[in-house]
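Trainee: For what it's worth, this note's numbering labels the leading residue of the sequence shown as 13, then goes sequentially.
Calculated from the structure, these hints are not laboratory results. Values in this document were obtained by computation on a predicted structure and should not be read as measured data. Heads up, some of the hints might be wrong.
Said to hold, decoys possible - Dumping the calculated EDC-like pairs for lysine to aspartate or glutamate here, alpha-carbon to alpha-carbon at most 16 Å:
1. Lys267 to Glu203
2. Lys119 to Glu55
3. Lys267 to Glu304
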Amino acid sequence: MTLEFAVAAALFAGVLCYAVLGGADFGSGFHDLTAGDSRRGAEVRTLIDQSIGPVWEANHVWLIYVLVTWWTAFPESFAATMTTLYVPFTLALVGIVLRGASFAFRKYSETLWQARLFGIVFATSSVLAPFFLGTIAGALASGRVPEGGYGDAWTSWIAPTPLFTGAISVGTCAFLAGTFLTADAARRGREALAERLRRRSLVVGAATGVIVFAALIPVERDAPTLWEGLIGRAAPVVVLSALGGIATLVLLWRKRFGPARGTAVVAVAAVMAGWGIGQYPWVLVDQVTIAEAAGATATLQGLLVAVGIAAVVVGPALGYLFYLTQTPQWSDQGYGVEPEGPKRVHWSARLDD
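With the hints as constraints, model all of the structure from the sequences given.
Mentor: What follows is the structure, given as structure tokens:
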């Protein structure tokens, strides 16, 4: 294993973590957006507050990790990407900022109309942000970022492969979030809500599967290098992703919500891994390889040391946080719900304002 490959692997590990953990957060916005009016959607939206409230900020730390590692380890490819794909990057980052601010403001809204406004911003941004992040991945995978940067600001990402990867990103996030929310509802004893979310997740999962397989048609012509990788060395991972998705649908159908979360994670992680393996060894497909894009040796060595320290220090803390959110004691505290009082009532209780 070369030093450059080790750093690239550490970078892509962050991409996988963000796809799974951040993806579940983004996907909750889809279910928030489609939950219904204030009265019908209140139960779903309150569950979303309770489920992602403790962890959403921690989950998006992975984006910072990925960007910092990328521009430090592979600076010229990072510059080329930013000067070409600055439009989807800007739109994605604006969406991330707006969804975070609106998620917090909605919880402390004084009136129902304020909660509705912030809720719309949160939900819409949660759908748009993963879409634009997906278009960035598709643009890189289809070789639309030139080595010297400053590619076309629009055709670089408004093209078949980027648009399909954007749609796949939204679908996989929604499917993953739906599976997690269904399990959370069942764990809290909300059987009717769990059944409602189960049905929605089955529909979203089936629709996402159709989009994934439909995307293979334009990818063959639009991104031939990626296509060769997908049907070659990445084929076992692609098959694993399909099996994980099918297994998740079967487990949801049989109301085995706990195991369904695990298979959903496998399915989403395998989708991302298939992209990475299929694109290997390119950083910018058909332009720059990992070895060619790597920075100074001392920089790469320092990054690996920093990643190792972070894994030892931050990893257990994040693991413990996720463990706590799955304990009955945490659920019994009703995290994310403000108690009624003379000055403040949780937004979901203000249905008659």
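Trainee: Please flag the earlier hints that this structure goes against, numbers listed from lowest up.
Mentor: When the structure is compared with the hints, only number 3 turns out to be violated.
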